[in-house]
Amino acid sequence: MGLLSKKDTRLILDPLADDNPITIQVLGICSALAITAQLKPSIVMAVSVIFVLGLGNVVISLMRNIIPSKIRIIVQLIVVATLVIIVDQVLKAFAYELSKELSVFIGLIITNCIIMGRFEAFALGNGPWKAFLDGVGNALGYGVILIIVGFFRELLGSGTLFGFKVLGDSVEKTGLYAIGYENNGFMVLPPMALIVVGIIIWVQRSRNSALIEEN
Amino acid sequence: MHTFWVCVLTLQYLKKVSTAVGLGAAVIFVLTVTVPLNWFLDQYILQPGALAWLDGNRETPELSAYADYDLSFLSFILFIATIATMVQLVEIIVEKFSPSLYNSLGIFLPLIAVNCAILGGSLFMQSREIETAALALNYGFSSGIGWFLAIVAIAAIREKIRYSNVPAPLRGLGITFIITGLMAIGFMSFGGMLTGGDDLPPAPQAQTSQTTIQPAIEKEIETTPLVVSE
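So the sequences go chain by chain: A and B.
Per numbering that gives the first Met the number 0, the very first residue in the first sequence carries number 0; after that it's consecutive.
Per numbering that gives the first Met the number 0, the very first residue in the second sequence carries number 0; after that it's consecutive.
Do not take every clue at face value.
[As the list claims (entries may be wrong)] Here are the simulated distance ranges between beta carbons:
no.: 1; chain 1: A; residue 1: ASP13; chain 2: B; residue 2: ALA132; range: 44 to 50 angstroms
no.: 2; chain 1: A; residue 1: LYS99; chain 2: B; residue 2: PHE39; range: 23 to 29 angstroms
no.: 3; chain 1: B; residue 1: SER97; chain 2: A; residue 2: ARG9; range: 45 to 51 angstroms
no.: 4; chain 1: A; residue 1: TYR95; chain 2: B; residue 2: SER97; range: 23 to 29 angstroms
no.: 5; chain 1: A; residue 1: GLY179; chain 2: B; residue 2: LYS159; range: 27 to 33 angstroms
no.: 6; chain 1: B; residue 1: VAL20; chain 2: A; residue 2: GLY179; range: 47 to 53 angstroms
no.: 7; chain 1: B; residue 1: THR131; chain 2: A; residue 2: VAL165; range: 22 to 28 angstroms
no.: 8; chain 1: A; residue 1: LYS6; chain 2: B; residue 2: VAL151; range: 43 to 49 angstroms
no.: 9; chain 1: A; residue 1: THR8; chain 2: B; residue 2: ALA132; range: 21 to 27 angstroms
no.: 10; chain 1: A; residue 1: THR8; chain 2: B; residue 2: ASP67; range: 48 to 54 angstroms
no.: 11; chain 1: B; residue 1: ASP54; chain 2: A; residue 2: ARG9; range: 57 to 63 angstroms
no.: 12; chain 1: B; residue 1: SER188; chain 2: A; residue 2: PHE163; range: 31 to 37 angstroms
[What the hints assert, rightly or not] Only pairs whose alpha carbons sit at most 30 angstroms apart, straight line, appear in this in silico DSSO-like list of lysine-lysine:
no.: 13; chain 1: A; residue 1: LYS5; chain 2: A; residue 2: LYS39
no.: 14; chain 1: A; residue 1: LYS69; chain 2: B; residue 2: LYS95
no.: 15; chain 1: A; residue 1: LYS69; chain 2: B; residue 2: LYS159
no.: 16; chain 1: A; residue 1: LYS172; chain 2: A; residue 2: LYS91
In case anyone wonders, no lab produced these hints; they're calculated from the structure.
Each residue gets a CB set at the ideal place from its N, CA and C atoms; glycine is no exception.
Let the hints inform the model, and build the full structure from the sequences given.
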């Protein structure tokens, strides 16, 4: 595609793996982990963050020359808060049940460190198109982790995916349950999200030893 | 509280108990100030019908000309503005009165503004419909203490873990995640201890248990909607 130069493609692809915002840069875990017990809220959260970060990066990038550096944190917070309000209102209008389930965690996107981190590190120093790609790339990297965690937690915790009983019925003992398989109720509790992310980090760093920390 | 702990992880360089104590104290302070402040904002500006006091109908909002106004969609922006302002104010005051504290807290104070424990405190205060300003104060303070305990414990574990033989790919971040997860499980046992039996009779009008007012001591423990919906 002529639209994306090689450098632009890297902006999108790097955060997906080797520069992933969650597992490498350690940003934005805050609001994510509580909602990954099921796949559907994880995907909604990922899409919301893609919207907020992509658009927010463009807005900050357009304003980068007129924001006084002393009050830039507040300006950034206001931009994020406005975008998050839009997401929240849209969810309330079109997916009310889901927005009840996500409750305050949509609001906590505001303090998601990925967003402020990208504003500070990228949008304040680059043009709007690049900032947009960077924002979408990082939000995708975040979304990938969220969806992986959501997938395993829902599959192992409730034996379903998107609410469909892929492993059989646990009450009527069909499918896997017929041979004695049981759901791991622990997986639906929030602490397991941390442990699953820890395991993802373990796998990733075993594959790529350049990422291993000193200690 | 455990959903907030993960903010701790963003402080990768937080590896000493002494800095953790300072940061925890700052968070307790900011939470104690911002939660009641945001409670007043919520009660007198944001809630549906909250503007009734403008024409003297605070007690009987349905008579007021402002009864139909619902500004609750503005809560994110107002809450975060209050928090950012308060953090800035705290920074100025601390710098003036205790330069030594300022020097040790210096790098952390701006970070507190984007700490989700702070905004989370205000948002949970709103979604749980806390009744009085005193309860809101209590809620902010207790949340701060919960966070303080968690962050000090994590910093202490990280101080000690340097002497352990952690598998190389898990070093640093990975093991911190797993420790935090295990700690969260540990703290959940407090939940079972203190709240057992509380949630038996479901209130007829409340949709889920986390929207009802819970006793002060239970506020330490986070019941996420997902757990409830299972």
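Original post:
Given the hinted pair LYS5/A and LYS39/A, is their alpha-carbon gap at most 30 angstroms?
Top reply: Violated: LYS5/A and LYS39/A sit about 33 angstroms apart, past 30 angstroms.
Subject >> Assessment of proposed distance window 21 to 27 angstroms (beta carbons of THR8/A, ALA132/B) >> reply: violated, 54 angstroms
**OP:** Evaluate the given range 45 to 51 angstroms for the C-beta pair formed by SER97/B and ARG9/A.
**Re:** Taking Cβ atoms as reference, SER97/B and ARG9/A lie about 46 angstroms apart, which means the hint holds.
**OP:** Could you check the hint for me, namely that VAL20/B and GLY179/A are 47 to 53 angstroms apart, CB to CB?
**Re:** holds, 49 angstroms
**OP:** Indicate whether the distance between the beta carbons of THR131/B and VAL165/A respects the range 22 to 28 angstroms.
**Re:** Between THR131/B and VAL165/A, where Cβ atoms are some 48 angstroms apart, the hint is violated.
Original post:
Okay, SER188/B versus PHE163/A on CB: inside 31 to 37 angstroms?
Top reply: holds, 33 angstroms
Original post:
Is the Cα-Cα distance between LYS172/A and LYS91/A 30 angstroms or less?
Top reply: violated, 37 angstroms
Subject >> Outcome of range test on Cβ distance (LYS99/A, PHE39/B; 23 to 29 angstroms) >> reply: holds, 26 angstroms
**OP:** Determine whether the Cβ-Cβ distance between ASP13/A and ALA132/B falls within the hinted range of 44 to 50 angstroms.
**Re:** About 48 angstroms separates the Cβ atoms of ASP13/A and ALA132/B, which means 44 to 50 angstroms holds.
Subject >> Distance restraint between LYS69/A and LYS159/B, which requires alpha-carbon spacing of 30 angstroms or less >> reply: violated, 38 angstroms
Original post:
Is LYS69/A within 30 angstroms of LYS95/B, Cα to Cα?
Top reply: Judged against 30 angstroms, a Cα distance of about 19 angstroms means the pair holds.
**OP:** Confirm or reject the claim that ASP54/B and ARG9/A have a C-beta distance inside 57 to 63 angstroms.
**Re:** holds, 59 angstroms
Comparing the model with each earlier hint shows violations of hints 4, 5, 7, 9, 13, 15 and 16; every other hint is respected.
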